[in-house]
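First to last, the protein sequences are chains A and B. Everything in the first sequence is counted per the working numbering, starting at 1 for the first residue and increasing by one. Everything in the second sequence is counted per the working numbering, starting at 1 for the first residue and increasing by one.
Hints in this document: simulated from the structure, not taken from any laboratory. Take these hints with a grain of salt, some might be off.
[Unchecked claim] Below 30 Å or equal to it, Euclidean Cα-Cα: the simulated DSSO-like pairs (lysine-lysine) are:
no. : chain 1 : residue 1 : chain 2 : residue 2
1   : A       : LYS244    : A       : LYS30
2   : A       : LYS197    : A       : LYS79
3   : B       : LYS155    : B       : LYS94
4   : A       : LYS83     : A       : LYS197
5   : A       : LYS30     : B       : LYS155
6   : B       : LYS94     : A       : LYS30
The primary structure of each chain is shown beneath.
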Amino acid sequence: MSSVAATVPAGRAVDSPLSIYDLTVAYHRKPVLWDVSVDFPKGQLIGVVGPNGAGKSTLIKAVMELIPTASGEIRVFGKPYRKNRRRVGYVPQRESVDWDFPVDALDVVTMGLYGQIGWCLPVRRKHRQQAAEALERVGLADLAHRQISQLSGGQQQRTFLARALVQDADLYLMDEPFAAVDAATEQAIIEILQEMKNRGKTVLVIHHDLQTVADYFDYVVLLNMRVVAHGPVATTFTQENLQKTYGGRLTLLEEATEAMRRREKTL
Amino acid sequence: MNGCRRPSSWLLLAACLVFGILLVGIGGCAAEGDPEGAVSAGRSLTDRRIEWPSWEAWRRVILMQDYNTRVVVTGTTLLGLAAGTIGSFTLLRKRALMGDALSHATLPGIALAFLIASGLGYSGKALPVLLAGAAVTGILGMGTILLIRNLTRLKEDAAMGIVLSVFFGGGVSLLAVVQQMSEGHAAGLEGFIYGKTASMLASDAWLIGAAGGGSAIVTLLLFKELKLLCFDEGFAGSRGLPVVWLDLVLMAVVVVVTIIGLQAVGLILMIALLVIPAAAARFWTERMARMTAVAAGVGAVSCLVGSALSAVFPRLPSGAMIVLVSALIFLTSMIVGPRRGVLIRALRRRTLHRRIDRQHLLRAIYEVLEARHESPAGATAATGAELAAGAELAAGEVAVADLLGRRSWSGSRLRRIIRRAARQGWVTVEAGGAVRLTTRGAERAARLVRDHRLWEMYLITHADVAPGRVDRDADAIEHVLDAAMIAELQTLLDVEGMPSGVPACPHEAAPASAAERALTAGTTTTAGTTTTAGTTTTAGTSSATDRGA
Numbered sequence: 001m002s003s004v005a006a007t008v009p010a011g012r013a014v015d016s017p018l019s020i021y022d023l024t025v026a027y028h029r030k031p032v033l034w035d036v037s038v039d040f041p042k043g044q045l046i047g048v049v050g051p052n053g054a055g056k057s058t059l060i061k062a063v064m065e066l067i068p069t070a071s072g073e074i075r076v077f078g079k080p081y082r083k084n085r086r087r088v089g090y091v092p093q094r095e096s097v098d099w100d101f102p103v104d105a106l107d108v109v110t111m112g113l114y115g116q117i118g119w120c121l122p123v124r125r126k127h128r129q130q131a132a133e134a135l136e137r138v139g140l141a142d143l144a145h146r147q148i149s150q151l152s153g154g155q156q157q158r159t160f161l162a163r164a165l166v167q168d169a170d171l172y173l174m175d176e177p178f179a180a181v182d183a184a185t186e187q188a189i190i191e192i193l194q195e196m197k198n199r200g201k202t203v204l205v206i207h208h209d210l211q212t213v214a215d216y217f218d219y220v221v222l223l224n225m226r227v228v229a230h231g232p233v234a235t236t237f238t239q240e241n242l243q244k245t246y247g248g249r250l251t252l253l254e255e256a257t258e259a260m261r262r263r264e265k266t267l
Numbered sequence: 001m002n003g004c005r006r007p008s009s010w011l012l013l014a015a016c017l018v019f020g021i022l023l024v025g026i027g028g029c030a031a032e033g034d035p036e037g038a039v040s041a042g043r044s045l046t047d048r049r050i051e052w053p054s055w056e057a058w059r060r061v062i063l064m065q066d067y068n069t070r071v072v073v074t075g076t077t078l079l080g081l082a083a084g085t086i087g088s089f090t091l092l093r094k095r096a097l098m099g100d101a102l103s104h105a106t107l108p109g110i111a112l113a114f115l116i117a118s119g120l121g122y123s124g125k126a127l128p129v130l131l132a133g134a135a136v137t138g139i140l141g142m143g144t145i146l147l148i149r150n151l152t153r154l155k156e157d158a159a160m161g162i163v164l165s166v167f168f169g170g171g172v173s174l175l176a177v178v179q180q181m182s183e184g185h186a187a188g189l190e191g192f193i194y195g196k197t198a199s200m201l202a203s204d205a206w207l208i209g210a211a212g213g214g215s216a217i218v219t220l221l222l223f224k225e226l227k228l229l230c231f232d233e234g235f236a237g238s239r240g241l242p243v244v245w246l247d248l249v250l251m252a253v254v255v256v257v258t259i260i261g262l263q264a265v266g267l268i269l270m271i272a273l274l275v276i277p278a279a280a281a282r283f284w285t286e287r288m289a290r291m292t293a294v295a296a297g298v299g300a301v302s303c304l305v306g307s308a309l310s311a312v313f314p315r316l317p318s319g320a321m322i323v324l325v326s327a328l329i330f331l332t333s334m335i336v337g338p339r340r341g342v343l344i345r346a347l348r349r350r351t352l353h354r355r356i357d358r359q360h361l362l363r364a365i366y367e368v369l370e371a372r373h374e375s376p377a378g379a380t381a382a383t384g385a386e387l388a389a390g391a392e393l394a395a396g397e398v399a400v401a402d403l404l405g406r407r408s409w410s411g412s413r414l415r416r417i418i419r420r421a422a423r424q425g426w427v428t429v430e431a432g433g434a435v436r437l438t439t440r441g442a443e444r445a446a447r448l449v450r451d452h453r454l455w456e457m458y459l460i461t462h463a464d465v466a467p468g469r470v471d472r473d474a475d476a477i478e479h480v481l482d483a484a485m486i487a488e489l490q491t492l493l494d495v496e497g498m499p500s501g502v503p504a505c506p507h508e509a510a511p512a513s514a515a516e517r518a519l520t521a522g523t524t525t526t527a528g529t530t531t532t533a534g535t536t537t538t539a540g541t542s543s544a545t546d547r548g549a
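Throw the hints in and build the complete structure from the sequences for me.
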């Protein structure tokens, strides 16, 4: 287990799928992440765990440059994200979209290929073929032409997973893929993740259920506005670290943030 | 969502729409009563009559015999096409009202452009000049909305309300000033408020058509990028799509379409052309590409018919005509749309309700027979499958009165359900009115009872629902259980040593609650039931009486 303050040796960073140094992110000047530094290992299933508002989603959004960062440096396979975008697959939170949108499951999966298809060019048969294969991998082959609001929550989640799979990326960032899915879907998803890992992919998963962390993941990052601990599950996912993450040890940090938020309100 | 499922709310909505259409029509006619229009039509100032045009006038328009009509209709049709196309995207991006704020904010620009151009000695009524002015204040209005939203803690709807009304109010005042200053020269400027194709020059129409066509082409070229933006902004950003720029392109196209629509549709009604075709199209399809195509078609047809009508009735504002036509198409789509239309949904609901009624009937017959034979109730008795296979179940006659006591259904409704079930071959009605299950009905009844009880057992053992309540809870769910879920229930409960076939009723209470029974069937059940009615815990007595009967 490496501690927060440890600086990452420069040599390791190159083959790390994702290295984050001293990342600080603020929403409207209210800090959400403080000095986050993690060097993620390659080819593992990585769980990012922490209480609500700990900045888990913010972390992966910052990696993909979806939100501005206050400071810090992020390297994806040793390069800035924009240079290695194609090697990163993203599964957003299921609630982030309107499922009443007039598209079917196959359409959604095809969206994962838009980057490869290129601007202004139409989706062609081979792309739809690729999307259909990805849907088959997640077990939704027969629901390809169903409007997405007609899918169950678990099926919607798997559609999103298929959209990320179709890219054939090397690093996957998943925002709560297990949220509100049934047990069967959870099992199906974890099997897919295992298979991805066996093919050398690195999968970073934001996770809520502490019960399953030890079963699902090889590596864990405990996050609560700062990185409390990160390392192999066996050594890092300890009672003591959980206490630090979820317990009242961070009150000062929270108070400072809260004070900042209040001041912001009065401005 | 829930409210909209009820037919009454749909009727209310339809009524509101019809009322709105009438209002627009009346308003349109009233607006046309302005003096300038009357003079230009060569009538007295007070003449507000709308004359029915001659057959010759109809013929000239329908056959497009006048060059000007042809050009105007072509131009506005292209405008409708573009508005429908871009409207699909703004509707799905949930920015539909942005267009309304934008169009209202154009009015001061029109007045100012006229003032400045006249002041410089040019003709202030040249369309490109006026539209340039409109674009400037329109964009200024949108900027103000963003500014208010970012600087204060107000939400976008409040910001839009402020900008829309203030800019429009400013525009109306400026227009009054302009008309005061340049007696008569400013005539026709107010045509931008309600839309007026009559004064449109061929060159204006070409400008409108070209800009409309161009907007549609830009939108279609960026179709998949804009689709992804509207569906999942975050994912679009992660793929490297320039989200901010795409949004700007979308808004720029809305600006262009709104500006060129000012003359034909008018700034008050322009929002209709951006929203109604797209909303109407949504009832017809679940595919984005088709929705855009249908919306473009609806927009084009609305504009075509609307501007042609306005050519026949020169005193009616073309904007009102276009909106009326599109509203008619919308109303039709809302009712008969094959995907989300009112009729199809009512039909689906009716089918579902009938299926539930039938299931209740079959289950009630089964339960009456079961109570009579006492057979599958104990662990030693025959299973439901045997009961179903044997002639016993099919042979038993059940009086309507017995069924009436099973649920809270009225006599007439129950008889209607029985008639329908008999027509479909689930039951036969005997001479005395008694009901008998057919072989097919008996099989189905056994399966339904099994599903119901499996679910009840699941609720009791796995969901900790009180046994007295499960019947009611299971009732709500069992109609949506599919084969896979039943199979899952079976394995789940089989593991715990349940016999296959139809299990016994897992709760003490009678299938219908005692209270329900006392209400609906007080006369048919014994006095014992009625006296203990009211609590579910005592309902056991009633089931005992039942079996005794």
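Right, here's what the structure says about each hint:
no. : hint                : verdict
1   : A/LYS244 to A/LYS30 : 22 Å, holds
2   : A/LYS197 to A/LYS79 : 22 Å, holds
3   : B/LYS155 to B/LYS94 : 14 Å, holds
4   : A/LYS83 to A/LYS197 : 23 Å, holds
5   : A/LYS30 to B/LYS155 : 20 Å, holds
6   : B/LYS94 to A/LYS30  : 28 Å, holds
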